[in-house]
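Please arrange chains B, C and D on chain A, whose structure you already have, making use of the hints.
Number of protein chains: 4
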Amino acid sequence: MNLQPTPTDKFTFGLWTVGNRGRDPFGEFVRPALDPNEAVSRLADLGAFGVNFHDNDLVPLDATAAERDRIVRDFRRTLERTGMTVPMATTNLFTDPVFKDGAFTSHDPQIRAYALQKTMRAMDLGAELGARTYVFWGGREGAEVDAGKDPIEAIKRFRFAIDFLCDYARSQRYGLRFALEAKPNEPRGDIYFATTAAYLGFITTLAHPEMVGVNPEVAHEQMAGLNVFHVVAQALEAGKLFHIDLNDQKPGRFDQDLRFGSESIKPLFFLVKLLEESGYDGPRHFDAHAYRTEDAAGVWDFARGCMRTYLILKDKAQQFAAHPGIQALLQEIRGDGTNEVDGFTPEGAEALKGRTFDRQALAARPLPYERLDQLVVDLLLGVG
Amino acid sequence: MNLQPTPTDKFTFGLWTVGNRGRDPFGEFVRPALDPNEAVSRLADLGAFGVNFHDNDLVPLDATAAERDRIVRDFRRTLERTGMTVPMATTNLFTDPVFKDGAFTSHDPQIRAYALQKTMRAMDLGAELGARTYVFWGGREGAEVDAGKDPIEAIKRFRFAIDFLCDYARSQRYGLRFALEAKPNEPRGDIYFATTAAYLGFITTLAHPEMVGVNPEVAHEQMAGLNVFHVVAQALEAGKLFHIDLNDQKPGRFDQDLRFGSESIKPLFFLVKLLEESGYDGPRHFDAHAYRTEDAAGVWDFARGCMRTYLILKDKAQQFAAHPGIQALLQEIRGDGTNEVDGFTPEGAEALKGRTFDRQALAARPLPYERLDQLVVDLLLGVG
Amino acid sequence: MNLQPTPTDKFTFGLWTVGNRGRDPFGEFVRPALDPNEAVSRLADLGAFGVNFHDNDLVPLDATAAERDRIVRDFRRTLERTGMTVPMATTNLFTDPVFKDGAFTSHDPQIRAYALQKTMRAMDLGAELGARTYVFWGGREGAEVDAGKDPIEAIKRFRFAIDFLCDYARSQRYGLRFALEAKPNEPRGDIYFATTAAYLGFITTLAHPEMVGVNPEVAHEQMAGLNVFHVVAQALEAGKLFHIDLNDQKPGRFDQDLRFGSESIKPLFFLVKLLEESGYDGPRHFDAHAYRTEDAAGVWDFARGCMRTYLILKDKAQQFAAHPGIQALLQEIRGDGTNEVDGFTPEGAEALKGRTFDRQALAARPLPYERLDQLVVDLLLGVG
Amino acid sequence: MNLQPTPTDKFTFGLWTVGNRGRDPFGEFVRPALDPNEAVSRLADLGAFGVNFHDNDLVPLDATAAERDRIVRDFRRTLERTGMTVPMATTNLFTDPVFKDGAFTSHDPQIRAYALQKTMRAMDLGAELGARTYVFWGGREGAEVDAGKDPIEAIKRFRFAIDFLCDYARSQRYGLRFALEAKPNEPRGDIYFATTAAYLGFITTLAHPEMVGVNPEVAHEQMAGLNVFHVVAQALEAGKLFHIDLNDQKPGRFDQDLRFGSESIKPLFFLVKLLEESGYDGPRHFDAHAYRTEDAAGVWDFARGCMRTYLILKDKAQQFAAHPGIQALLQEIRGDGTNEVDGFTPEGAEALKGRTFDRQALAARPLPYERLDQLVVDLLLGVG
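Protein chains in written order, with the working numbering: chain A, 4 to 387; chain B, 4 to 387; chain C, 4 to 387; chain D, 4 to 387.
Check before you lean on any hint, since a few could be wrong.
Chain copies aren't distinguished; within one or between two, either way the pair holds.
[Claimed, not checked] Once the Cα atoms are required to be at most 35 Å apart in a straight line, the calculated DSBU-like pairs of lysine-lysine come out as:
1) Lys317 to Lys276
2) Lys356 to Lys276
3) Lys356 to Lys317
4) Lys159 to Lys317
Simulated from the structure, these hints should not be mistaken for lab results.
So that you can see chain A by itself, here it is in the shape it has in the complex (with noise of 0.2 Å):
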């Protein structure tokens, strides 16, 4: 089992992950500041594929125009001398105060104005760094007083911002595909598109969703109890997987942002499994941070962790199709894939609606699980 992370299996981490320095609600920051070049060049070391980053994890925000440019001028130096990549790029629009109430959906007018005037310079530094993906996870659009915003005017309200800036895009022809990322809650009391699933029917409503996808996050489905490979099938079938953020969480509870597959072994299984299978060819980003109790050269060992437990998975994967007895039984529970019923003609119908069916012998059929997901067990442990 080879467990050296190479480019080749695109790996990419947050400059805001690496960077994270440890605060939270009730604690100050316990790490020093990392600089965004020294990020690259340990996770080049590392076997990493490429960073991703909000405009202001790379330039503060109050820069000026020379400082802005010479941060990009060293950045891209970096990333030449590194051959890392920046795949995706996205915009911070929650740590101001003033987005405290929304950024795309403020009821104020200007601050609207701003969110887009801030994503369009956004997106012109990631492209500038050759983004290809751009993303939007709109924490702040939202509310805990469901009595002072109307939630289908955000809806209006999002969908204009995002057209706009779809617009945007093209006009710059930057060849760009954006992905609506979802989170339940937190920061906001309740968030708006509170899951993936809530983008992919709000992405055929937009005037160009071709341009537009979806960038689930394992944490945030696991954060309402969501089966998080349910929701990734999904966003696939629906050709709208663009982008992924691994991580991993317990439910229920705050956003934790942990280790990819430090908690979730078996169903982040089966999520690594699925991204392999499907032809799923984007970045395996990581969207986690280390423990606050890390100091600065712990954030590697969580770096090194996140690449090593998914190509783990990953080879557990190709040992799972390979398995007589997991692929014996799979056969006996899926059957051969035939169909009674191919499709709808009225006389096929009447037919269906007086054919006889003895339904104590299909109840009675074998399903065996419970012994296919013992060996599912026994190859996760590595037992047999």
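Frame of chain A, contents of chains B, C and D only:
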């Protein structure tokens, strides 16, 4: 405040709701079977508009054709006598062991065919009794063992079934609209299409998307901790709120199907307000049941309570709209609805990129949500 | 209904609650720092009884002795001027990076010693300002990595610290009672003593159990989906309700610390009713904060709302006690409180084993909970 | 790795677990009834140590004395023939409608008396078949309507029952120890004593606390999102782990009773490690059942899987203890276990208050939990 329900309120109940006999995973029936005709009479007396049913709520699974016809004839007479309607019907694809691993998504082609047959027959029954909406709740379409079922194949199979049945309804000129109902889990470990939002995307991929909408159930969304007011708002915005199941639930636990408004007073106030103000004109369907501690008489207390609380909350919504303090705050918070940006033009975008915004000033604008929310709490509690 | 708070209502606020500046994991401060003396004055104007604090809410972590004395002197004057009290004090053992892996349960003996030192000094401060209750919230006493910490050792270390500090309080004749506050998670992946109940058992193992009780926090129990009314009832029955933290929370998500009564109207009605009817005479402490969307002025709306809703619910509890319909139903449901069995004797037990019970008749006794609960909903909504 | 269970492993199953027939709130039985003698034989063949039962798992509720005696005689013969034991017994106080609003906490004094009677008879039955532990799970001791039951009175009634039954067991010299089992909800909206911890405090208030401990169930704690490893550790530290129910569960949803280790691989590794290393020598009882999709044969796959995964995790625990990399890291993280403070003296406390600590240096000490946790993940996945 007039709290006497009348048919114009469009309150409906499932036969299975007032007919619920109080069995649960740990205990046996506590109430006798309720005759559907008796249910209709009692609900009519209470001021309901109609009843809905699964095929086998009315006609037992193994009834002969003659028995079926007699049952339907009697039931029709009861409806005529009482003036009650049947706005919605649905299929029981979950009780019989044959469906233990799914109906439309079963691995077994014969079970899939049988599920189609059973649904066509149930649609015949529903249409015969006047139903205009046909609900699909895929309670067994899911998995505990993700090794055993392909969730992408499951989506395709479900789509095939819905397309087939749309064609059937059209061929019969039933004038039916379909409403898809989601649930995250229970009875399956995970149910496919876990949330209402998951169906909104799916519907756009159907052969007859205009025929198909959603049937959000309050408790099902709350099981996943989602904000049902937001969920229904998205369905309305998409033009897809074809039906609604009203009940109540504590988040993060088993499906409780509590009396409407018995737990989530504030969230359900916003839901009622939304339904009443959005132009939704479909049934207000209660999909709930009496506590297992109730006897047969208590079932009608339960039914009365569902309607009463809805009417109270509806009245509160009118008070909200007429409340000078609330409306003044809303105007302050929401502003005048003007926009700074009206649509994309390359020139406009360029100009916008160059504008200067005063972030501090924008962030300092007051958003008195605490005051607004307290006025809502006061209004709900009947104080001031 | 008199909704003007007065000191006899014993409403208290933490300095950290009205002083909360609205930082969260995704955003920066939105409100300026609030001077503790200003906080006391404003709260006094609103009718509060007192304020509580962590040591560093009042005295910065790195203050000199002279600075400390000046701060305390000024604060005492403010208390005297306003008539406000300090019923409770506590220690900040979570903000500083030194506590990132725990205070009393840290692996590092020096950190454990420092935590004792910091707490003794904070007890001195609290006692100096008149506190009678000392709260312990072990926010960092937990783990993300269960391989790294022994939870049995953690209990023993926590016990050592509490025993030590009881001895200290006794040796200083501070007359303090300790109140232990539980939380299931956040900021740690899992916090030891996850629920109030976990402390009830622990307290009985202490050297001075009579000095130590619990401080249940509404939101903390609700994060785990527990019924806070039941939790507080058990604490009362055990004679251990020494303090209470009132706020609000949606279950199964991050710690929201919402305005009291803003979400859980019905559960908090029962909690207020219990506090008022049980003879609990301690402070009604609000451990909550204003939405991040509020400005500095909105903080006082928040504070007013906490007290107002408490008083409304208290009034509803009196209405409940005086409501003839409710009381009649309760009498029907609860019976006359007689017992069939009064205590164990061998003969009585033998006789009881031989009795015949009519299970069907006993099961048939009506339990009109639906009717009762609807009367409660009516009462809460101010209808009838 | 020897994965063949033997009686020395002390694996036990409830008759109700392998006898589960797959009924759920939405579906009927899928498996035939399993004769208890057959269950014992099959489990003996698989290597189990014993079986446990509710009274009515073995003797139907309405059996005559003669029927009871015949059943017991036959069952005893089966036990003798197979060498199986009955380490634990319990009472079914939840299935019959008479218990719909509680047994020991019912409002009805006759129902409370009947519950005592039924439990005494069930204790007789258990003792007759050799049980040494008697479990109490108060599945119906709870409420949906908090207006209707006084939770303080409920505690007192429950205490009365346990005290009474302790006296009964003592008077009969049954040598039984009681083990109390908690659950947060289902089938009741909220169950009293929602968590194992709630019983730890309660036990100290009993007349015979030394006779009474707890029976934590993995799934029940996980339903509330609690860390079951921490829960069991607290029970062990209190000397109160008298029994344990092993199964699995996804948090925040209905009671799943999944095959042990099928979901929560990492948490259950720590639980097994704790049980094996703590000196706990009671049964490893599986309180779970086969998926509803299984047929009768699949039940034995389920039973085999429970034991197999336990043994695998037990072997992993030994690997953990012998792993040089893990042990070296643990030593680095945990230090040498010395203390800076050994106990309270006034002088020592005063000296400690005056010490100077270097917070920055203490905070800077590395805590390589990411590395440690990754080694655990590797070990669990059988890699490295």
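Ascending list of hint numbers which this structure does not respect: 2 and 3
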